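Enquirer: Chain by chain, the residues run as shown.
There are 4 protein chains.
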Amino acid sequence: MKQNRPPLTAIPAEIRCAQDYEIVAEHFLAPDRHAYIAGGCGREITLAANRSAFDATRLWPRLLRELGRGHTAVDLFGRRLVHPILLAPLAYQTLAHVQGEIDVARGAAATDSGFVLSTLAGRTLEEVAPHAGEERWFQLYFQAERRHTLDLVKRAEAAAYRVLVVTLDTAIKLPSLRAQRAGFVMPEQVVAASLTDYPEPAPCVIERGQSRVFQGVMAQAPGWDDLDWLLSQTRLPVVVKGVLHPDDARQLQARGVAGIIVSNHGGRSLDGVPASLAALPAIRAAVGAGYPLLLDSGIRSGGDVFKALALGADAVLVGRLQIYALAVAGALGVAHMLRLLREELEVCMAQAGCATLADIGPAMIFKETEEETRC
Amino acid sequence: MKQNRPPLTAIPAEIRCAQDYEIVAEHFLAPDRHAYIAGGCGREITLAANRSAFDATRLWPRLLRELGRGHTAVDLFGRRLVHPILLAPLAYQTLAHVQGEIDVARGAAATDSGFVLSTLAGRTLEEVAPHAGEERWFQLYFQAERRHTLDLVKRAEAAAYRVLVVTLDTAIKLPSLRAQRAGFVMPEQVVAASLTDYPEPAPCVIERGQSRVFQGVMAQAPGWDDLDWLLSQTRLPVVVKGVLHPDDARQLQARGVAGIIVSNHGGRSLDGVPASLAALPAIRAAVGAGYPLLLDSGIRSGGDVFKALALGADAVLVGRLQIYALAVAGALGVAHMLRLLREELEVCMAQAGCATLADIGPAMIFKETEEETRC
Amino acid sequence: MKQNRPPLTAIPAEIRCAQDYEIVAEHFLAPDRHAYIAGGCGREITLAANRSAFDATRLWPRLLRELGRGHTAVDLFGRRLVHPILLAPLAYQTLAHVQGEIDVARGAAATDSGFVLSTLAGRTLEEVAPHAGEERWFQLYFQAERRHTLDLVKRAEAAAYRVLVVTLDTAIKLPSLRAQRAGFVMPEQVVAASLTDYPEPAPCVIERGQSRVFQGVMAQAPGWDDLDWLLSQTRLPVVVKGVLHPDDARQLQARGVAGIIVSNHGGRSLDGVPASLAALPAIRAAVGAGYPLLLDSGIRSGGDVFKALALGADAVLVGRLQIYALAVAGALGVAHMLRLLREELEVCMAQAGCATLADIGPAMIFKETEEETRC
Amino acid sequence: MKQNRPPLTAIPAEIRCAQDYEIVAEHFLAPDRHAYIAGGCGREITLAANRSAFDATRLWPRLLRELGRGHTAVDLFGRRLVHPILLAPLAYQTLAHVQGEIDVARGAAATDSGFVLSTLAGRTLEEVAPHAGEERWFQLYFQAERRHTLDLVKRAEAAAYRVLVVTLDTAIKLPSLRAQRAGFVMPEQVVAASLTDYPEPAPCVIERGQSRVFQGVMAQAPGWDDLDWLLSQTRLPVVVKGVLHPDDARQLQARGVAGIIVSNHGGRSLDGVPASLAALPAIRAAVGAGYPLLLDSGIRSGGDVFKALALGADAVLVGRLQIYALAVAGALGVAHMLRLLREELEVCMAQAGCATLADIGPAMIFKETEEETRC
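Residue numbers (my numbering), protein chains in the order written: chain P, 8 to 382; chain X, 8 to 382; chain S, 8 to 382; chain E, 8 to 382.
Keep in mind that the hints were calculated from the coordinates and are not lab data.
None of the values given here were measured: they were computed from a predicted structure.
Do not take every clue at face value.
Each pair may be met inside one copy or between any two copies, as identical chains are not told apart.
Listed below are the simulated EDC-like cross-link pairs for lysine to aspartate or glutamate, each with C-alpha atoms no more than 20 Å apart in a straight line [said to hold, decoys possible]:
#	residue 1	residue 2
1	K9	E375
2	K161	E134
3	K9	D82
4	K180	E73
5	K374	E29
6	K9	E33
7	K161	D62
8	K161	D235
9	K374	D254
10	K180	E350
11	K161	D321
12	K9	E195
13	K374	D39
14	K9	D204
15	K9	D366
Please model the complete structure; the sequences and the hints are all you need to start from.
Expert: Pasting the structure below:
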């Protein structure tokens, strides 16, 4: 199979929970594309840690609580979201489905889900905007030149994206070993559609004795001044994605960033960093209650959403499940996956005795007592 | 194999310990029924945790103690049980054997074992009562209408069940993914026999924007007032099953509940909650010595029973071993499994130097000393 | 293969370390006999823990120490042993080799190794004595009648056994599930040769309602008074085998027992108890420096011997390696295995910088520092 | 395959990261030689621990830091190395490639890498010197006679090796079980070329009752006085390799040793000792900041280099990757492997926000907070 299998127009019977899209998608994606999407960087240690952090966390359910007025709504950046599950910004979703981000946006709109479009989306931000619901955000990569960055911001504002998500954890983007070993190369027709009008940045010139990394790629990497500049150029809330350290979180908060996404880029950026979930509690402690904190990397079920919220997140974003559902059944698949995930969250809340997201705090996480003795 | 294999009328030679029924039952149960019985909810993390919690607990045996007057008796709710191993309430045991709970009750009676009949039993509580021994308890699910709940209580009292076990941890009952994947659907002839005279509750009506979970299923879920009402309607001791949090345990104790069953429903209710055994010590600490505490979920051997007692339980209940033994050899199998389990407990007590259950305390659990150094 | 393969008369080339006898023996022993010897009780959790405790312990080697006058001698019960590796008492070694304990004794004598003959040896204590070296000990099980116990003691004294080892951790002896599943039954010709002159104890009579365990088997189990009586009947040092709890160790020391063997019977007595190595440090702390402490269960290499000594043992006993070597090459195999084990210990001492056993203390065990940070 | 496959003259396409040389080398080395190179001593517990210590360590990356002037230079023993990755001294590299250490030296020179030639190199130190770059060091084993040791030192000085690395952790050199089982014997043409002019030391004579280890091999082992003597005979900086204990480190520092290599000989010396990485923090704490500390054993990627530096090393040495790259593609392979490793380090530094090695400290290692709760 060199090409993707055509997506279905109906939900396959074997999808019984959101995570099943991960299993089924393998039959729809060309192997090299699947490797590109599923793989993580390096030895995939962080990729695995993202999952095991959720599996190792134990819920502590309560009984007999009043749940009849329960709901999943959350207030973020001055708006009320119906539920706390957003679609993470993913590059090049036309790899998985010819409609790409348009179908993703339609799935989000159909389920009242927040949606974040990537700078590297396969469809332009203007094409996608009308298909997304009200809760559409735009993810921004700093461009080599500020005027192109600013142009992107202004285009996103014009297309009524409500939040800017600035991703800061991928100074260097390399395809994973898994993708390379599967022979993946980006197909010609898959492009970052929103960027086609900007010229390619000039290739960096390295002098003898200089480093391709430090004096090459990193010469273009943004700094704190770039972030300050960006904050001065837009009235949209600016959220920073890719934070793992509480000191960075504190500094971002102090500079006026509106919120933070705790993320290791789904294990795709630097291998060996902690699971996002493991990094979360210290960051919540650093920014204090009330400051918007989101998390991605590793979410596969409503129970995972619950655990992230309990350990300090206000909302979560899902990446791989999104593109898997897209590959299997387009907009319909994305909508179905989101409905499943939200229902799984509601069932988990009900079983655990939480009527609203405000009830999901650290006290819902089981702590082994000292009375108990193992070896 | 679409149907169960007929049960044996003799004990097969390959049964050498109670847990062997788990192995052998796989050859007697239709695969989809086996999946329904053996599976746990979600990713089966709690199902696995139930077992690994026992395996990770270490006994600390003592030498040369006087054991000649040893016994396994335990006093519970004003009566003396010959041994502390009860049969947990399981729904729909006619799935495994045409006689269902009648044969289970006969196996319990033959071995002086406490027996708990489920509200969802495949045979009526009146049919089963004469076959059970003196120590028969009735497990109660709150019904949609109080008058039906009350009717069940009065019928149980009339049939001389001695204890009411109210299960509170399964607001939402879903077949496990494993069962769904095996194609399991409840056979038509398998019904909750004790409930057939009560009308089906009206399907809940959900308005647009409401949640099927919170405004649907959970609208019928019981609350603290329902529990208080129940306590006022019966003079039977009321035991609550499904407790994992010490604060719930304290509150139940304060309200007049007679005892508590620490349980995660055999890993069938909410995935990701702690092993029952892991939750036990904090609950014992919360309710204090002398308050009746039972445990289920994960028991497969007499050594497991010993560990549960050492960490704070007064008695235990076995679920899956019960229905496996039923599937293999009916009432005879159930009786044989219980005899094996009790003998395993006695051998463990003897080897560990405990003459009575009162000797089995936290001091019998090995603690690694600080002098010892690993890495 | 229903019978053992005949033992070799030379060392096979594939034996490169002591533990290799474990691998090679599988080709010499009939499968059911191998299962009986290799297996542990229950789920074999303790059997596995015995090994993993050694593997998880880390040595902390030192450099440049003076080793030219190094040796492995140890003083025990008034005598100097050339090295600290003794042969543990094993029952029925005629299962593995027609010469049984006679060949084991010859292997011990050839390597200056301490040797402990079991009460349940396949050859009589009088037959074996002349083949053993000076350092021969006798392991004693209390018999149903004191006069038979005393007779065994007097026979052992007469045959110049120097130490009595009283085993107290196997009130109930059951073949392992592994052995049962392999169809093992004790062959008729394999008997406890030293006991054939004593009448079988009368089968215990159990009344209705009594326990086969407590009022049956355990009625014959020894108590503290039996131990006191034994201590009064012999001038040989009495060592107790099967201790895992420091309180038992303290009490035995106070009663006049000459030494203790920390042991879980090679994982054959009660499943779920800690690894002998894990139990050792607390026992050393309880009895203080200078009190003789030995350890068995899990030793497979000279490095394991070193770890046991570092954590508090004065000497160790090997069980399974002994009978594996016997099965492979009789007395020659036993001698070769012991030579390998001792050389492995010497190499480990040399590499770790320890000239004598006195240098092998807790400081030779690596402790992870707090500066180091993992997750 | 009894012989090695001829090395390539170009880099194979399947090499995508430095560690890929480990995979590919298996197709180039004769199985017995591969076993000799890849294996570790004993049960290979330390061999595995070396790897798992790296995998279990988590990086804690920082955002938006200024990296444009980043570099990887490090000052060691009065000279500036371009990067902190050195080639560890390996014996007998002519096993892997006919040019042996000459090609290794050429690969080092081509990449500005420090290079350490082994006393047991397959090519003489004089042959190799002209091919190595400026940063060539000589690894010294004490010889049976001081005049031969001194001769080696003087020859190394004459050939302009800049540092002496004295290896002290292999008093006893045994081929691993893995190598023995693969039938490895050192081929006749593979010799320690630099030692051929010195006579074989006389075989040690052991008297009856003496130990081949203590009174044999160890009689020739060096002591503290030998080290003091060596320090007095050369003005080259003397570095000691094979240190795992902080007390040894402190004493070496006090005696005037110029630096220390924390090493367990790649898991080849004594099985059961801690991972080098695990031993590192306590040693850094013992010697204080500013004292040169290097580490080997387990490095397979630039991320591993970063972790070693973060936990206290100033530089690292790579052993197995070196000889694997040599086997695959000679000097070209060694150079390519080093370039990959350095680029991986630079990418890791950039992603983690470290412009120079001085930025890579313990603060870059993730610590799980107490707020987080797992079980």
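Enquirer: Now look at each hint and say whether the structure bears it out.
Expert: Right, here's what the structure says about each hint:
no.: 1; hint: K9 to E375; verdict: neither (50 Å within a copy, 43 Å between copies)
no.: 2; hint: K161 to E134; verdict: within (15 Å within a copy, 66 Å between copies)
no.: 3; hint: K9 to D82; verdict: neither (44 Å within a copy, 51 Å between copies)
no.: 4; hint: K180 to E73; verdict: between (48 Å within a copy, 18 Å between copies)
no.: 5; hint: K374 to E29; verdict: neither (31 Å within a copy, 31 Å between copies)
no.: 6; hint: K9 to E33; verdict: within (13 Å within a copy, 30 Å between copies)
no.: 7; hint: K161 to D62; verdict: neither (42 Å within a copy, 44 Å between copies)
no.: 8; hint: K161 to D235; verdict: within (17 Å within a copy, 61 Å between copies)
no.: 9; hint: K374 to D254; verdict: between (26 Å within a copy, 13 Å between copies)
no.: 10; hint: K180 to E350; verdict: between (35 Å within a copy, 14 Å between copies)
no.: 11; hint: K161 to D321; verdict: neither (28 Å within a copy, 47 Å between copies)
no.: 12; hint: K9 to E195; verdict: within (15 Å within a copy, 46 Å between copies)
no.: 13; hint: K374 to D39; verdict: neither (42 Å within a copy, 36 Å between copies)
no.: 14; hint: K9 to D204; verdict: neither (30 Å within a copy, 60 Å between copies)
no.: 15; hint: K9 to D366; verdict: neither (48 Å within a copy, 45 Å between copies)
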